[in-house]
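Next come the chains, spelled out residue by residue.
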Amino acid sequence: MNLLISYIYYAFLLLLVITAVYSVISRNLLCSIIFISLFNLFMVIVFLLLQAPDVAMAEAVVGMGFTTALFTIAISKTKEEE
Amino acid sequence: MKPTLIFVLLIMSLGLYCVLVKDNLIKKALGINIMEGAVFLFLISYGYRQGGSPPILTGSETNIVDPVPQALTLTAIVIGAATTALMLGIIIKIYKIYGTLDTNEIRRLRG
Amino acid sequence: MKYFSALLIAVLMLVLFISLQEIPLSQNLMPVSSHYVDSGVKDTGATNLVNAVLFDYRGFDTLGEVTVIFAAAAAFKMLFSHRRIFFFRYGMSPIVKTGMAVYSPFIFIFGIYVIMAGHISPGGGFQGGVILASLSILLTLVYGLWYKVRQTVLSPAISSNIESMGGMVFIFIGLAGIFSGNYFLSNLGAGFFAGIPGSMFSGGSIPLLNIASGLKVTAGLSIIFYSIAGGE
Amino acid sequence: MNHLPVLLIINPLLAAFSLSLSIPPARKNYKIIIGVSAVIQFALSMAALLTSLQQPVHYHVGGWPVPLGITLILDVSSGFMAAFTSILFTAAVLYSFAYIGRGKARYYYVLLMILWAGLTGMVLTGDLFNMIVFIEIASVTAYSLVAFDETSFSLEASIKYMMLGTVGTILIILATGIIYSSVGSLNIADLYNRIQGIPEKPLKISIALFVAGFGVKTALVPMHTWLADAHSSAPAPISAILSGAFVKVGVFALFKLMYNMYGWSVLTSLGTDQLLINIGAATALIGGIMAANQADLKRMLAYSTISQVGLIVMVLSLGTLQGLTAGFFHMFNHGIAKGALFLSVGSMAKRAKTNRITGLSGIGHDMPLSYFGFTVGALAIVGIPLLNGFMSKWLICSNLIQNGHTLHGIVLIIVSIIGAFYYFRVLERLASPAGPDKKHRETSYGMFVPVVTLAGLCIITGLLPYIPLVVIERASLDFFSYNSIITGIIGGF
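Residue numbers (our numbering), protein chains in the order written: chain W, 1 to 82; chain A, 1 to 111; chain P, 1 to 232; chain S, 1 to 493.
For the record, the hints were derived by calculation from the structure and aren't laboratory data.
Being a predicted model, the structure only gives us computed values, none of them experimental.
The C-beta atom is built at its ideal place from N, Cα and C for all residues, glycine as well.
Hints are not guaranteed to be accurate.
[Unchecked claim] Lysine to aspartate or glutamate pairs mimicking EDC-like chemistry, simulated, CA-CA at most 20 angstroms apart:
id, chain 1, residue 1, chain 2, residue 2
1, A, Lys96, W, Glu81
2, A, Lys2, W, Glu81
3, A, Lys22, A, Asp102
4, S, Lys353, S, Asp229
5, P, Lys2, A, Glu61
6, P, Lys42, A, Glu61
7, S, Lys160, S, Asp149
8, A, Lys93, S, Asp149
9, W, Lys77, S, Asp229
10, A, Lys93, W, Glu80
11, S, Lys160, A, Asp102
12, W, Lys77, A, Asp102
13, P, Lys97, A, Asp102
14, A, Lys93, S, Glu150
15, P, Lys2, A, Asp23
16, A, Lys2, P, Asp38
17, A, Lys96, S, Glu150
[Stated by the list, open to error] Partial chain W-side listing against chain A, Cβ under 10 angstroms, derived:
id, residue
18, Tyr10
19, Val24
20, Ser32
21, Met43
22, Ile73
23, Lys79
[Said to hold, decoys possible] One-sided and incomplete, this derived list gives chain S residues near chain A with beta-carbon spacing under 7 angstroms:
id, residue
24, Ala147
25, Thr166
26, Ile170
Whole structure, please, built from the sequences with the hints as guidance.
Here you go:
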């Protein structure tokens with residue numbers, strides 16, 4: 001992994017941490033759900049950089065698609081504010 | 001990847017903090033999701049080989065990445081999804097009965 | 001309470017960091033995975049090693065994992081047995097509906113491709129299954145749940161049939177290994193067609209297991225979504 | 001080629017899959033399908049125990065040799081545990097035919113069979129990650145079965161159990177990642193030969209994570225809060241299985257890793273065995289004290305389970321062959337007695353519509369057979385000489401004192417005295433004539449037959465303890481010398 005890609009790699013890891021922090025801190029649940037799907041998006045990109053295409057595809061479909069849909073449905077049935 | 005370990009542990013501490021401190025049940029489910037993401041990153045980052053190519057054999061590879069942690073992570077992702085789905089289902093039923101998602105409130109109402 | 005647990009977590013992570021620091025990062029492969037890489041194609045006939053490990057070397061894990069999804073779906077059918085549907089009754093606006101009508105065949109074909117070509121290109125039973133499940137979710141969201149219940153193809157009864165059928169096909173492929181005198185879930189040893197590695201029909205029982213687990217994941221996740229989305 | 005280990009796991013799965021088909025036969029007479037597959041599974045487990053007594057079976061799934069694929073190992077210890085769990089499961093299935101109403105019973109049995117497959121898989125497997133998958137199967141079904149009644153208590157207990165259980169699973173997966181990334185193999189026997197490859201600190205942290213992860217699953221002290229709610233609000237047959245079998249199989253899996261993967265000498269050098277003994281003693285004491293002041297009968301039984309698990313962990317972490325025998329024997333006795341207790345309480349509570357001890361007072365007169373089962377179970381756990389609990393507690397106590405842990409021996413005696421106190425208090429209350437005016441009919445035929453058979457098993461094991469003890473000695477011998485058998489076969493890869 002040459003120098004340029006390793007910089008991109010660490011940038012995305014940093015983005016991962018930032019989105020995780022925002023999703024934990026934010027009071028509005030819908031906002032933290034959106035940050036969780038961003039978290040999963042950056043997770044997919046990191047997996048691709050780590051040469052793991054199968055896992056990236058699974059994480060994309062399950063993490064970003066299915067889990068976010070479930071969380072949104074759960075919020076629509078309960079309360080949006082914390 | 002030594003520096004990846006720092007990020008893995010940072011994300012895991014965020015998830016654990018969210019599970020322990022936040023009172024809202026959906027927030028706790030989010031915290032567990034974040035912790036699972038950290039574990040997947042840990043598994044994959046220790047399977048990576050410097051300058052390796054993905055484990056699809058097209059005949060021209062010099063250095064292959066370790067396929068076993070990827071298989072383990074795939075299984076763990078699917079198990080994590082099933083557990084999260086079950087957790088959210090029961091959270092919805094709890095909201096229907098208790099009317100709130102705050103764990104202290106629930107403990108008080110349960111009596 | 002907040003700062004106490006934050007401190008506790010910080011100490012925990014420090015201990016974890018100090019001790020995980022010393023895990024050796026060897027450049028050469030581990031003993032077991034070096035065997036998978038050297039003779040994976042010869043043993044299983046599949047070029048996608050992750051799929052070879054998942055569906056042949058450690059196929060029993062995948063059977064267990066497919067049962068986890070089946071158990072979650074059964075739990076949802078148990079907890080959410082309701083008849084009245086209120087949410088998404090009539091679906092979205094006509095623009096979205098026509099857009100969806102154009103768009104859904106491509107998702108369907110892509111999902112089938114990911115399942116079928118699991119042993120050659122990245123992807124496999126699970127990823128393709130979830131893609132098809134997301135297609136069924138999109139259809140219920142866009143066209144409304146009423147459409148789904150009346151619709152014969154995707155109704156819950158059919159989905160639970162597909163799910164159990166997928167599980168049984170998985171086990172019967174495994175039993176084929178026993179009937180041919182080998183162990184359970186044995187692939188080329190049980191006389192499955194090996195084919196030319198890299199071509200579509202190669203890898204012995206791996207594509208069949210991919211299809212079985214793909215069916216199961218599709219039906220399981222669409223049951224989970226349908227139970228959660230309906231609701232009184 | 002003996003396919004028994006795989007059939008033991010596939011049979012309940014096939015039953016579960018065929019049951020959830022929505023074709024008419026599966027919807028109407030599902031009880032027949034479940035009864036037949038339960039009987040087949042019971043017969044298979046007994047056959048597994050008998051074949052393992054002759055010679056152990058090493059089943060390589062997929063035909064791959066040891067370190068490459070997954071191997072299922074049926075030796076006397078796993079055969080014994082599989083037979084023990086199937087006794088409890090058959091009693092629970094027969095009991096729930098009468099106990100569970102018609103409503104959503106079909107999926108209850110689907111989840112029950114998958115739980116049976118998960119527990120049998122956890123006991124048989126010889127592969128680390130495969131054990132995690134089976135733990136997850138058993139846990140997911142246990143979470144949803146605790147929430148079966150959908151009352152406010154059971155849902156809250158289920159979500160609490162799920163949160164803690166998922167964190168436990170995450171810790172176990174992290175520990176497996178540490179072991180795989182430093183050594184490179186996942187087979188338990190193969191790891192025994194390679195364990196020196198792990199540097200000193202990751203070895204310590206992986207042991208700590210395993211103890212914490214399994215501690216959540218088996219309710220050791222700091223992580224035991226979920227068990228009382230989960231086992232008291234679950235339906236009676238489910239809490240009988242969870243208390244009787246699930247917690248014990250978790251302890252069996254934990255100590256299988258400690259003995260067979262790390263090797264007990266590694267643990268003694270790190271001092272972890274002292275830690276485990278003290279955790280066991282603390283769990284026994286806290287469980288006993290908490291059980292003493294409970295108003296709800298099922299919560300009292302749940303806390304008594306926690307304290308008995310503490311005793312088992314204490315004696316298993318002595319590291320001696322006799323300690324293992326005592327631990328397995330107490331697992332068997334406590335499982336059978338606690339199963340009889342929970343099932344009899346279930347039928348009493350169903351008649352009296354309340355779990356509270358005050359509400360159940362005087363029910364002994366109206367329901368003699370269930371009360372008989374309850375008394376035999378209670379006396380067995382307290383350790384009255386003629387019943388089976390006495391022999392195993394005696395073995396535990398003598399082993400503890402022989403190995404110089406007299407303090408822990410005293411802890412056992414204190415716990416037994418506290419146990420005697422709160423069990424006799426309940427027995428006396430249930431038999432007191434000043435019961436409520438309303439007469440309660442005896443339970444139906446299907447509900448007291450399993451209770452009486454389990455109670456009869458307690459009495460038989462109490463009177464002739466040497467029949468099961470012979471099997472259990474063979475089991476602990478296989479468990480103790482697991483690696484010498486295996487390395488003979490695989491011979492180091």
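Contradicted hints - numbers only: The structure conflicts with hints 2, 5, 9, 13 and 16, although it agrees with all the remaining ones.
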